[in-house]
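Those sequence lines, one after another, are chains H and Z.
Read in order, the letters of the first sequence are residues 0 to 505 in numbering that gives the first Met the number 0.
Read in order, the letters of the second sequence are residues 0 to 505 in numbering that gives the first Met the number 0.
It is worth saying that the hints were derived from the structure and are not from the lab.
A hint or two may mislead.
Copies of the same chain look alike in the list, so a pair counts if it works inside one copy or between any two.
[What the hints assert, rightly or not] Straight-line alpha carbon distances no greater than 25 Å define the calculated BS3-like cross-link-like pairs of lysine-lysine that follow:
1) Lys317 with Lys298
2) Lys349 with Lys259
3) Lys259 with Lys317
4) Lys257 with Lys317
5) Lys302 with Lys475
6) Lys192 with Lys75
7) Lys359 with Lys79
8) Lys302 with Lys317
9) Lys192 with Lys475
10) Lys347 with Lys359
Protein chains: 2
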Amino acid sequence: MSSSSSRYLWLLKRSLLIFGLGIILFLLRSVSLDADFVSLKSKRPGPVAAAHVLKLLPEEQLKNLFSYDGIWLFPKNQCKCEATTQLRGYNFQDAYSQRDLPAVRVRRQAEFEHFQRREGLPRPPPLLAPPNLPFGYPVHGVEVMPLHTVPIPGLQFEGPHAPTYEVTLTASLGTLNTLADTSDSVVQGRGQKQLTISTSDRKLLNFILRHVTYTSTVYQRHRVDMVSLASSTSVVKFPVTICHPIIPKLHDPGPERKLKDLVTIATKTFLRPHQLMTMLQSIRQYYPDLTVIVTDDSKEPLKIDDKHVEYYTMPFGKGWFAGRNLAISQVTTKYVLWVDDDFLFINKTKIEVLVDVLEKTELDVVGGSVLGNVFQFKLLLEQSENGDCLHKRSGSFQPLDGFPSCVVTSGVVNFFLAHTERLQRVGFDPRLQRVAHSEFFIDGLGILLVGSCPEVIIGHQPRSQVQDPELAALQKTYNTYRANTNAQVQYKLALHYFKNHLQCST
Amino acid sequence: MSSSSSRYLWLLKRSLLIFGLGIILFLLRSVSLDADFVSLKSKRPGPVAAAHVLKLLPEEQLKNLFSYDGIWLFPKNQCKCEATTQLRGYNFQDAYSQRDLPAVRVRRQAEFEHFQRREGLPRPPPLLAPPNLPFGYPVHGVEVMPLHTVPIPGLQFEGPHAPTYEVTLTASLGTLNTLADTSDSVVQGRGQKQLTISTSDRKLLNFILRHVTYTSTVYQRHRVDMVSLASSTSVVKFPVTICHPIIPKLHDPGPERKLKDLVTIATKTFLRPHQLMTMLQSIRQYYPDLTVIVTDDSKEPLKIDDKHVEYYTMPFGKGWFAGRNLAISQVTTKYVLWVDDDFLFINKTKIEVLVDVLEKTELDVVGGSVLGNVFQFKLLLEQSENGDCLHKRSGSFQPLDGFPSCVVTSGVVNFFLAHTERLQRVGFDPRLQRVAHSEFFIDGLGILLVGSCPEVIIGHQPRSQVQDPELAALQKTYNTYRANTNAQVQYKLALHYFKNHLQCST
């Protein structure tokens, strides 16, 4: 070996040695860092050791964390209704005979699927944005009316520089375009479901992206189109919601905002003409010109001598909720005040206060109290594949913003002011012929926001035996219709099972 | 200098030389690539020059691209209704006197704001995801019921490695937690509006993130909470929608799916008892046991001897739509078939076909044709700050999936089958007392999906002079009520202005 090569070898060995020492030093350094950490950790307790056990909180703790009013809400697959010493539980399928139940189940599932299909349910699952992508895009909120066009905001490319860029947008329920004025070699597929941008000019690419438009091409009600944006290495997706806004149904209160142009009073009566007349007289003491709509399914029609009363007769005994639904179908004012035919207007029965509450908040319904009896209940729904669980608890959710003596709840007494349009939207189910109350608020779940202002009070005529033999006969008949028989209870439970897709309630 | 060190220096110089040459070669190589590109580009025409002019398409071209049925839809700030030789235009504010209009405008704006507030409108603007962030998160679709809890899917951290990580989640309409079982030093703020995760264990960080939960704390109807996810260098935001699902209102068709358990026929009559009876007889020829609801605001009540007819009287002349609304308020079946009192059932009047269409599609309403007269119109809405523009055009949007002889449209004749619940939800405005038709479909915009199957045909009783002197007198009175007076036209235009927040129509 020549002296130069041996010198070279020596240099090589030296380099390797230095290199090796470097590695060792580096390793030692990180070890000492860890050691620092370890010593730090021993000062405050903390699970930072490298081999960490990944576990979830135990069920008991979850029950403590995620309950409302003692109802455990999350995380659960199936809901159940458990009766306790204080709470009754109902399982609605028990309202059907064993023999009928299987077929009823099948029918209910078919109807439910029809309903879901028409509501655009279930909504598509959440769209997850993986990290570290080169694109900017709208995460939420792009909406377009059917057959209309919208600009898609926020599209941009911030990826690595390249000699040329090719970006493709793809839609399925609409077509794409861009407001940017370019040649066809740069943008291809204008007005098609796939738009391709090819350019080496990054500024131009982003200019085109900034002005991309989406045009809905099919007339549909509620759909979500997942539009994809792709380069050679990455793909992102973002949602465009195709939906039609609900056209408003506003009421003109008139230049003087007279109460009679804002509020109609509605009531239903049955075999209690004396009480109805007493109630009407009490209204006129305080509100001489408000329109009162009376629906009556008694045997004999009444003669009511009041030019502001609209009187409607119905087939005999057609029913409680049928009459309520008829009454509200005739209201032409923004608000309707519901009262029962045996109430009594007193000087605390201030309709103006209830109007003020609805005008200033987002509530749809606000109830008062009957003779100071504050009746409020909350409804909590748990959704589940084989029918939902409904939990009814007395009380309220929270105070009403701006009205400290009022609260937000789910159900109130039969003395309430409501937005007519919203009330008509829920409706009173004409199948409920005799005793019914909470069914209306249950039908209103998801539609009505309900409040209660107990300081607005209406009186109640006492139940007393009437002297007049004709009226007494009517009263006797009335009482037979008021009995909540077992058959009626079963009917209402079965209705909850099928109509509201409920499993049970507590 | 010793020979070893000079050898070493020589090696060093050689290395530097080689390194320098390498760099030069590399630079040359990229230059030649660009040169290749330039030569390629000169072969095909294309605006790839570096200094590109960024311009948008001219308005004329936009009008071509983004119109439907000749109506230019986008991009526009304000909508207008331009009358043409073929189309009449109406500006609804003209229905008010000059003196009243300013006050009406103010009132309408106040009512509109009230409506918007209650609908949770306008929705928050689109959330834009800037590129190149280290986080993964749900882009769209996380929904939670008021007071309930949901897991937030898709949260992850993929940023650069660091000795320690600190990630903070912040909400405003709810509280945050995680199902991961960790000590308080790693996760702070459980059950609060701000959750902080501090750890040096990347796997643990992502485990905790994967199990983050959101709990809604206020009972509200429709709100969007923008939740933020932040590290020391980056922030992302994603939406969580708080909303309550609408409780279903399903109808049980019964084990045999009898038509009478599925469909109720509804009609309104006024001063045409002979035509009503003819119509009823024609129904009974084909459908002996379907329930028929008749609402009547004539002077004298009728005696109808048919145990499947429900008959309701109303105050005299209360009105066309009031009577329609009353009729549908009494329906207890899934579907309601609307017919006018002067129609005639013939053998092509196949209700079963209409039922089949509604059962199998997402339509809410499906119309037939009257004596082969196919009446269909489309409604297109343009939204605008000072009232929307409504465009009515005859024809249909597209064929109906699965039913090639049927189409999707916006309005049909007064012979249609509808989902009762949806019909009640729109309602027939009782303020429309005399002539009205399209108003119902306009009120249904955004709620009803309407179809037309012209092969299902109903007959129409001819308008003829009656011999009977009593009936002739009634007919004379009837004709006076049917006249669409100027005052009535003005009233309806004013109603469109205020109620529907419309500016104009073509």
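Unmet hints by their number, sorted upward, for this structure: Violated hints: 7, 9; rest satisfied.
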